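Whole structure, please, built from the sequences with the hints as guidance.
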Amino acid sequence: MNDTEKHFSEEKFWGKLKKFGLKAGHSVVYTALLLYFVLQKPDVPKKAKMVIIGALGYFILPTDLIPDMAVGVGFTDDLGALGVALLQVAMYIDDDVKAKAKAKLTDWFGENVDTSEVDKKI
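According to this note's numbering, the stretch in the sequence shown is residues 1 to 122, in order.
Keep in mind that the hints are not guaranteed to be accurate.
As the list claims (entries may be wrong) - Simulated crosslink set (EDC-like; lysine to aspartate or glutamate; CA at most 16 angstroms straight-line):
1) 120 to 95
2) 102 to 114
3) 98 to 119
4) 100 to 111
5) 98 to 117
6) 98 to 114
7) 12 to 43
8) 121 to 94
9) 41 to 114
10) 120 to 94
11) 100 to 119
12) 120 to 107
13) 18 to 43
14) 49 to 10
15) 104 to 114
16) 41 to 96
17) 41 to 94
18) 18 to 96
19) 41 to 10
20) 19 to 111
21) 102 to 117
Everything labelled a hint here was simulated from the structure, so no lab data went into it.
Bear in mind that the values here come from a model prediction, so they are computed numbers and not experimental data.
Next comes the structure, spelled out in structure tokens:
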């Protein structure tokens, strides 16, 4: 993921989520938001932040292993990269991080968003 780090920026991150959030689905967006909000925490070690930046950089990358435009499977590789990073930094995900991610999901997708699949993994 080291090569993908250079693709991460907050502007690109929010742009990608706004443009492809519905297509990517709740699990991808929620996982990306969890990582983003962990990244904002000042007490998270640099190594963990680098893992997050690499995964979010891969998510932003327009030409990754499976093109995002591929119907039905375009975001599976993104979810895989985000999921691996999520497992590596799960100890830094607290209730505040979850609340911020869920609030943003509710803003975008409404009240009926199920995050239980991702929450079970952390």
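Discussion item. Check whether the Cα positions of residue 120 and residue 107 lie no farther apart than 16 angstroms.
Written reply: violated (22 angstroms)
Discussion item. Against the 16 angstroms threshold, does the CA-CA distance of residue 18 and residue 96 hold or violate the hint?
Written reply: violated (22 angstroms)
Practice prompt. For the pair we were handed, residue 19 and residue 111, check the Cα-Cα distance against 16 angstroms.
Written response: Given that 16 angstroms is the threshold and the Cα spacing comes to 20 angstroms, the pair is violated.
Worksheet entry | Given pair status - residue 114, residue 98, alpha carbons within 16 angstroms | Holds - the C-alpha atoms of residue 114 and residue 98 are around 13 angstroms apart, at most 16 angstroms.
Item to complete: For the pair we were handed, residue 104 and residue 114, check the Cα-Cα distance against 16 angstroms.
Response: Holds, at roughly 13 angstroms.
Worksheet entry | Restraint status (C-alpha distance of residue 120 to residue 94 at most 16 angstroms) | holds (14 angstroms)
Discussion item. Check whether the Cα positions of residue 41 and residue 10 lie no farther apart than 16 angstroms.
Written reply: holds (15 angstroms)
Worksheet entry | Pairwise hint evaluation, residue 96 against residue 41, where the allowed Cα distance is 16 angstroms at most | holds (10 angstroms)
Worksheet entry | Pair hint residue 12 and residue 43, alpha-carbon separation not exceeding 16 angstroms | Distance ~24 angstroms between residue 12 and residue 43 Cα, so the pair is violated.
Worksheet item: Given the proposed pairing of residue 100 with residue 119, does the C-alpha separation stay at or below 16 angstroms?
Response: Within the cut-off at roughly 14 angstroms; holds.
Worksheet item: Does the alpha-carbon distance linking residue 41 and residue 114 stay inside the 16 angstroms limit?
Response: Not satisfied, since the Cα-Cα distance of roughly 25 angstroms exceeds 16 angstroms.
Worksheet item: Are residue 102 and residue 117 close enough, with their CA atoms no more than 16 angstroms apart?
Response: holds (13 angstroms)
When the structure is compared with the earlier hints, violations turn up for hints 7, 9, 12, 13, 18, 20 and for no others.
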